[in-house]
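Undergrad: Here are the chains, one letter per residue:
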Amino acid sequence: MTEEKLWLLVSLQLSGEATPAELEDLELLLQQDPRLQARVDVLTQAWYVRNHGSKPGAQTAMGFDKHLQRLSNHLAAPALQFESAGNDATEPMPDVIDKSRMRYKWLWATGSIAACAVIIFLFVRTPATDNSAKQGTASNSISTKPGSKSKIVLPDGTQVWLNADSKIEYNGNLSGKYREVSLSGEAYFDVVKDKSRPFIIHTNTIQIKVLGTAFNVRSYPADKTTETALIRGSVEVTLNAQPDKKVILKPNEKVVVVNATAEKSNQGGTNAPKAALPEETMVVGNVHLDKKDQEVYETMWVKNKLAFDEAPFDNMIAEIERWYNVVIVVKNKNLSTGTYTFTFENKTLDEVLEGLQFSAHFQYQLKNGVVTIW
Amino acid sequence: MPLISNNDIKVLQQKIALYEDMKAYESLYTLLAPQLNGFCFSFVKSYEAAEEIVSDVFIKLWQIRSKLPEIENLKVYLYTIAKNFCLNYIARHFKNPVIRLDEMDLEPVVSLGNPEDLCISADVVNQIKVCIRELPPQCRIVFQLVKEDGLSYKEAAEILNISVLTVRNQVFIATRKIAALIPDYIQSKVLHTGRRSAS
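Keeping their order, the protein sequence lines are chains A and B.
Just so you know, we're using the numbering used here here: the first sequence kicks off at 3 and counts up by one.
Just so you know, we're using the numbering used here here: the second sequence kicks off at 1471 and counts up by one.
Okay, chain A solo, but in the shape it has when bound (with noise of 0.2 Å):
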């Protein structure tokens, strides 16, 4: 019966489930017969040895290639080949949704747009005249030029951290129902605490409803994506097109919106075959920490670091654009694959650029505020 226990034992430590007892155990069992511990040498051998069925003239394993190509097709005309109903009870996927619930959908979907309509219409109406009533209410607007950044406190202490080629524009001086600001571009806010009348953010695409709060909101128009990052505190996030679509954050989560505008104009050269986006989509993910300082890379511009995390070079480009007012024409293709991580301070744009050179191969030029990149 040792034999019995001893391929137990075996069976174990081979598919990585044994416990350092067992080890112990299974060592102890091999020292007593050296002629089993052969045996075992053969089956530990055997059993690392994988290729997943490339048997002898049977694998022509489909590249990668292939299977895009297959993708895109399918994503013209959904529906898979062995996907049915069926099995599906122990699918975990999501349900099918059935085109009578689908018309209940879009129902809804029609309803609470004319709904918000209407109350949108109210709203606007209601402290439009309001403020035309009282006076010094006009407009405020703070903007900053590409390259340079700027620190503002709003009338009810709110702190922002505006980031280079960014505005932010709020009525009055904030004393409303509602403490409103709309913004385009980066900024780092720490607001205010004031249960009674929430702080709101409006973008293009999203608003941002905070009680009192730190966090990252980065809305450029040209970007691909907006995105929030939490700091601490919490934050409500509502897509503008679907009022009903909540999220809400917790401290060092952030939400990336996918810009349905900015993704039209911003596709070409890109060969990512696209899923149809009928509507925004947002998806809520992690910020992004340093390992060593446990330094949140969405908000290090704050303190005047340029960082990356693994961000793609155009992406990457595109900041530093604005992060030194230039213009940056890159003419290497090649240079767009592969991500980056980098984390500048207080540097100069030949210092950054120097610095890019040792992991992206590449020459410039900077030349009346052009840079070339080849």
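Don't take every hint at face value.
Pulled a few chain B residues facing chain A out of the computed Cβ check, cut under 10 Å [said to hold, decoys possible]: (1) Y1495; (2) K1537; (3) Q1597; (4) V1600; (5) C1601; (6) Q1608.
Just so you know, the hints here were simulated from the structure itself, not pulled from any lab data.
Backbone N, C-alpha and C fix where the C-beta goes; we use that ideal spot for every residue, glycine too.
Given the coordinates of chain A, work out where chain B should sit on it, guided by the hints.
TA: Below, chain B alone, put in the same frame as chain A:
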């Protein structure tokens, strides 16, 4: 072949969900497609069909990319989808479909390596292959998931919808049966060539 850490998969999962990162998607495909191919082949017994099913699994993955962060173990998830697609395929393409896992005739995809490398005769390797083929279907697929694909007992259990203890027992049964076929006499040879040290 190095096994894929679940952490790597988590990172890719995040990138696909947040940034629709095609690079990450490709990496995930390259990492998991071979073993999913093997898994599906066991069911459908055709390499072409298996590849198409795996491709469909990854299409599904792309379609639900925005929901990826909610998925705890993506590998298990993909295997489960693959299994269901295989069952659907069988229901549609086979004359007398059996879709109960423990009655199904599954083709084992278990690699053993060359007889020379193992210091045993080709005859023994063939015997082991026959032995694996004759294992009960459930035992065979469990053994394949754990041995060939390097899945944990828990993962295999989730995919096949059985208990972890069953997985443990099935792997033991398979191991014992195979071990019984490995002869004693190679001992002197192994010691002589000093090919492997004791683990």
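Undergrad: Any of the earlier hints contradicted here, and which numbers?
TA: 3, 4, 5, 6
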